[in-house]
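K.L.:
As they're listed, the protein sequences go chains A and B.
By our numbering, the letter at position 202 of the first sequence is numbered 202, and the numbering carries on one by one without gaps.
Just add 1000 to the spot in the second sequence (first one is 1) and you have our numbering.
Simulated from the structure, these hints should not be mistaken for laboratory data.
Computed from a predicted structure; not experimentally measured.
It is possible that some hints are incorrect.
Unchecked claim - Derived lysine to aspartate or glutamate pairs resembling EDC-like cross-links, with alpha carbons at most 20 Å apart: (1) B/1048 - A/78; (2) B/1065 - A/116; (3) A/365 - B/1045.
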Amino acid sequence: MSRIIIHIDMNSYFASVEQQANPFLRGKPIGITGKHQERSVIATASIEAKKLGVKTAMSTWEAKRICPSMILYPGDPEKYSYITSQFNSIFNEYTDYVEQFSIDECFLDVSETVTDYLEAIILAQTIRERIKKTCGEKITCSIGIAPNKLMAKLCSEQVKPNGITTVCKQNVLRFLDTCKLRDLCGIGSRIENRLGSLGINTFDQLRKFPLENLVNEFKSYGHWLHESAHGRDDSPVINTCGDPKSIGHSYTLSENTDDKNEMKNCLLGLSDRVAWRLRKEGLVARCVHAIVRYADFTGMTQQQTFTEPTSNGLTLFKTAWQMIEKWLDVSKPVRLLGLSASTLSKGNEYQSLFKKERKVHSLQKSLDKIQDRYGSDAWTRASLIDAHFKERSSGFHSPNSPSAV
Amino acid sequence: MHEFLNDQIDVIASFCQNRVIPKRIRWNERDYDILNVNLMHTAREGQKRIFYFSVSDNTNYFKLKLDPEYLEWHLVELYN
Chain A
1 MSRIIIHIDM
11 NSYFASVEQQ
21 ANPFLRGKPI
31 GITGKHQERS
41 VIATASIEAK
51 KLGVKTAMST
61 WEAKRICPSM
71 ILYPGDPEKY
81 SYITSQFNSI
91 FNEYTDYVEQ
101 FSIDECFLDV
111 SETVTDYLEA
121 IILAQTIRER
131 IKKTCGEKIT
141 CSIGIAPNKL
151 MAKLCSEQVK
161 PNGITTVCKQ
171 NVLRFLDTCK
181 LRDLCGIGSR
191 IENRLGSLGI
201 NTFDQLRKFP
211 LENLVNEFKS
221 YGHWLHESAH
231 GRDDSPVINT
241 CGDPKSIGHS
251 YTLSENTDDK
261 NEMKNCLLGL
271 SDRVAWRLRK
281 EGLVARCVHA
291 IVRYADFTGM
301 TQQQTFTEPT
311 SNGLTLFKTA
321 WQMIEKWLDV
331 SKPVRLLGLS
341 ASTLSKGNEY
351 QSLFKKERKV
361 HSLQKSLDKI
371 QDRYGSDAWT
381 RASLIDAHFK
391 ERSSGFHSPN
401 SPSAV
Chain B
1001 MHEFLNDQID
1011 VIASFCQNRV
1021 IPKRIRWNER
1031 DYDILNVNLM
1041 HTAREGQKRI
1051 FYFSVSDNTN
1061 YFKLKLDPEY
1071 LEWHLVELYN
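Working from the sequences, and respecting the hints, build out all of it.
P.N.:
Structure representation (structure tokens):
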């Protein structure tokens, strides 16, 4: 039996939530930014700002150049997470198969809920109304209905904002031929250019291109391209959240710096945050990635694997700092630092045979309990006493810096 | 203008159909009647759940914070 998949994509999500919360932002071009607005990027532009040419991930100065009247508004992650949980609980009322694709996108497999596409459209309209009623009338979504996830996502991109687009199995090829290669999730500018160099500029040309040649050029990705060109995708809607693949934090400093102590403090703060999240999830990491971005936006990422998996902030910090110190280009000031733990598995940290290390481990458990009870700012290392995580952001912040709130 | 604050305020609220609805706030020795509750969300501070209300009158947007443990209200954001 053919599947019926619904893809729901919230329109200009963060901006719409802020416009719902604050009516004085409605109808105006706004851009949701990070904590240091002048050094940030546009995380989401409102529908009004998009109409004027502002795009997601544009730097704030560029967005202001395009649209001088644009209001820059700092993001409020807790608010967005709450609204996401609200609409996810609505989706779960209609089907057991809900896959959260990102904070503002979900796939729903409604094959067992509805019998045909007409019922699916009625269901989509019902869901849209429920979101409006529960979350607010400014929070709108675009919905795609199709026989698989790939096509459903492509459908939801067609009518924005607030549209419902349906493509049933027999119309998939005709629909694909009206789309550009870049519209498909999985074909970016590089793949598009490589396809272009093979003389492939449309889905029709991609379908007719021999599979063998595609595989020669793109290896296993060639199979995916071939299947996609026929509108085929068997991937299931996975209804579990699953364990994270990596946990990381990065932070754009309030000013570019070449001060190693400032970098170390920042990295240590980030390491403690990552380690706490690992322990909260009952995970340990086998690999740590250190990220540095310089003022000229070049950067480096290095990774190292541990012999024993860890969830200790100090271990993550020491390893990451060793890598950074080795590779750091001291002639360039640093703009951003980041750290990510990966190759995660369930379990506790390796128990040392040495008494001192066992004591540290036991202290860590007690500190975790305090943090669970009173929140992430309940304790800090003495070396980080002059710095704190700025409210309404996940970043690390010195209260003496000019942009302190 | 968008301001971040943390000012303790007095609030008159109704408790209706399992919902808390702020009706009037007193801040800086002035009363403001709430005309719309635009959005409500919660956030965790450790084990504690904090409630936030995004409300407005004709000229101001206020974000109010309710700490249910101490039943304290704070004005945390102002936009006008």
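K.L.:
Please go over all the hints and tell whether each is borne out by the structure.
P.N.:
Going down the list of hints, with the structure as the test:
no.	hint	in the structure
1	B/1048 - A/78	14 Å, holds
2	B/1065 - A/116	46 Å, violated
3	A/365 - B/1045	19 Å, holds
Violated hints amount to a single one, hint 2; each of the other numbered hints is respected by the structure.
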